[in-house]
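Those protein sequences? They're chains A and B, same order as listed.
Residue 5 is where the first sequence starts when you use my numbering, and the numbers rise one by one after that.
Residue 718 is where the second sequence starts when you use my numbering, and the numbers rise one by one after that.
Simulated from the structure, these hints should not be mistaken for laboratory data.
You may find that some hints are simply not true.
[What the hints assert, rightly or not] Subject to a maximum C-alpha distance of 16 Å in a straight line, what follows is the list of computed EDC-like cross-link-like pairs (lysine to aspartate or glutamate):
hint, chain 1, residue 1, chain 2, residue 2
1, A, Lys330, B, Glu759
2, B, Lys869, A, Asp360
3, B, Lys1024, B, Glu759
4, B, Lys1024, B, Asp816
5, B, Lys1024, B, Asp867
6, A, Lys122, A, Glu169
[What the hints assert, rightly or not] Label pairs and their in silico Cβ distance ranges:
hint, chain 1, residue 1, chain 2, residue 2, range
7, A, Ala372, B, Pro786, 32 to 42 Å
8, B, Ala849, A, Ala128, 43 to 53 Å
9, A, Glu169, B, Asp867, 21 to 31 Å
No experiment lies behind these values; they were computed from the predicted model shown.
Heads up, the beta-carbon is just placed ideally off N, CA and C, and yes, glycines get one too.
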Amino acid sequence: MWTSDPELSLEGIGIAAAPAPTRRWRVRAGAALDWVRQRITTTPGKLVLTSVLVVLGAVCFGVIATGAEQSRQRAVRAAQTGTEPLLVHAVNLYTALSDANATVATGLLAGGLEPPAKRARYLADLRVASQSLTALTREAGSSAGAAGALRTVANQLPVYSGLVETARANNRQHFPIGAAYLRQASGLLTNTMLPAAGRIYATEAQRLEDDYRTGTSNASLVALVVAVVVALGLLLVAQRFVARISRRILNVLMVLATVALVAVSAWAVIGLISEQNALAAAQRRGSDSVEMLSAANVLLSRAEGDLSLALVNRGTDVTDPQDFAKVKHALATTGLATRLGPAFPSYLAAAKRVQDLENGGQLGPAIAVSPAASTISDRVSADVRTRIAAAQERFTTNAADASSSLSGLDLAIPLITALAAVLVLLGLRQRINEYR
Amino acid sequence: MSRTPRYVIALLVAAAALAGCGTASDRALRTTLAALGTPPVESPSASKVTPATTCPHLTASLRPPATMPTPGSMPGGSYMAAIRRRGYLRAGVNAGLLDFGYLNPATGQIEGFEIDLVRRLAAAIFGDTSPAHYRLVALTVPQRIPFVQDGKVDVVVDAVTITCDRKEQVDFSTVYYDAQQRVLVPSNSSATSIASLIGQPVCASAQSAPIQIMNGLPAPPKPVGMPQAIDCLVALQQGTIPAISTDDSILLGFHAQDPNTKIIGSSLADVPYGMAINQAHPDFVRFVNGVLAELRANGTWRRLYGKWLGQLGSNPTIPAAQYDG
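Sequences are here, hints too, so could you generate the full structure?
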């Protein structure tokens, strides 16, 4: 550890600790050590070595602090403009596909005349899915795992919409085969496209998670604090040494260097801490909410799709009611049900009325009351979407705060550190020159 | 300066504590992945088809009463009287079989040949044709027998094939429709019967009797099972299978939905449909058989056939009633 004796600290820093694997090396190292020992016995020699060490400490500080700041800044920028927007695209893709499926099933329930609002919503979902797919494909090069999944969704989307249109055409003529086409479309979506969209989502969510980890990693902060302590420690030890040999209490230039270093250190530490707090808030209050609310919304669409598909299939399919129960269970166990807001229980109640009638074989009445469930589901979903938008807003604000917490540091750290080093050199040169 | 290490430690601790305020947590990620990863419920896969058992007098049922009760006044203590007291007959029907039992999206009503039979049954009990006197319960295939056994419906008129296994679980009326297993192909197909399709994929509902029948042919095709018969029509339209073989009652509905198809060849098998009734109510079985006998005798059966199923042939053979008790 650091002691008041500069000679001991010199030995401690490295020369004596240099490895000496062979005898010849040991001889050379011994010779070098002797040379240094001779030099540091003289006061000017001690002053030169002190300046070398202090400048080295400052440079180390500059490099480490810049490194810490850069890695944080890169992570924040990546989250802000790269991974989080991509995650939103991945979430939108998943949500749009799953909403399209529920919407088309509910629309076909109404018989040959699909409600125009349902048709418009289905088309809007397809549009969002294509746009998200395009945006994600542009970035797919950076995540090979997602590329295959993106291809799957891109290849199947036209097939899916083709099946849906065939279902609609048949349904308009009141043909039961319309339901079979819809079942095939839904199967393609559920068994192939959504799992692929899920892989894309998982990849993008993991990338954002990695940026959060880097952007809030304690290692950067600890490295910075260690560098600050070392650099300032060296500077203080050097000043004490200079004060002792020159019998002057203050070396003005070195004091100025200390002030500069303290200032830039404080700026850097405060900057990094407020950056990581802002980024953590961007995650906790922003993107985490986007993810959780979207997942809840997706499960709600799936439940609504199951409810409608069971009715579209006219009681010939037993899997949809089972899937509905499974989704309801998943919403409860993951705690996502609470995120759907206070209207969700009334959706479940409305859905139960539909299912009770259906289970009792009252298919016509079940279809007649199903719009009530659908209306509540639409309301819940609209509310969730509003909250997703608000969460995204919170992410944007906090991520911008995180980024601006670091602004200026990228220039300030190297410049002020260099300034401090120059001040130290100037300050010590005055003393060294006194011995010439 | 000897206190420096403590300052260092204090600084590091403070930094770590401050840093702890804002670190990443993947709780949301884990939750969303768990939620989105909820696997979909798979369609039941085609399980092993159990070989058909045989039994004597498969289609024989209980003899009708010597004199049928007058509609509107059922004998005291009979099951019909219980239905009358309730005010309506509960009938399990199909909602997805065009022309037999199908929920018409235009009207929101289930309609078809079997539904008209239910109406006649209700009229025979209540003495008038008011729709208030019957309630239709749309059933899935697995629900049909349990609903009868549990007394949730009085009768199931839902294209239930009379089999020896089912006869042990419920009573059947006499045969009200004798379906024939036939073959549906695209209208430009050169196939003329199932014999033209040796070794070719022919579709039917998975784990169904038609697949067994095809496998038992001397020159069998290669049967392909789909979750539901209508999925076979989708496959036919998409060109992935060249033919479908199942009950003509179902094929008729397929042809109605796609005029680019034709029904070919003679019957591969007799598929007798009976009304399923709880074994605790033999008096109701006899009554239903009496109603069916009247419908056969007074031309109603033929009229209803013409109304719904005329495309199958203009001169249907009325399924003869067989009695054994």
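Tested hints:
{"no.": "1", "hint": "A:Lys330 <-> B:Glu759", "result": "12 Å, holds"}
{"no.": "2", "hint": "B:Lys869 <-> A:Asp360", "result": "14 Å, holds"}
{"no.": "3", "hint": "B:Lys1024 <-> B:Glu759", "result": "39 Å, violated"}
{"no.": "4", "hint": "B:Lys1024 <-> B:Asp816", "result": "9 Å, holds"}
{"no.": "5", "hint": "B:Lys1024 <-> B:Asp867", "result": "33 Å, violated"}
{"no.": "6", "hint": "A:Lys122 <-> A:Glu169", "result": "14 Å, holds"}
{"no.": "7", "hint": "A:Ala372 <-> B:Pro786: 32 to 42 Å", "result": "36 Å, holds"}
{"no.": "8", "hint": "B:Ala849 <-> A:Ala128: 43 to 53 Å", "result": "44 Å, holds"}
{"no.": "9", "hint": "A:Glu169 <-> B:Asp867: 21 to 31 Å", "result": "41 Å, violated"}
Checked against the numbered hints given earlier, this structure breaks hints 3, 5, 9; the rest are met.
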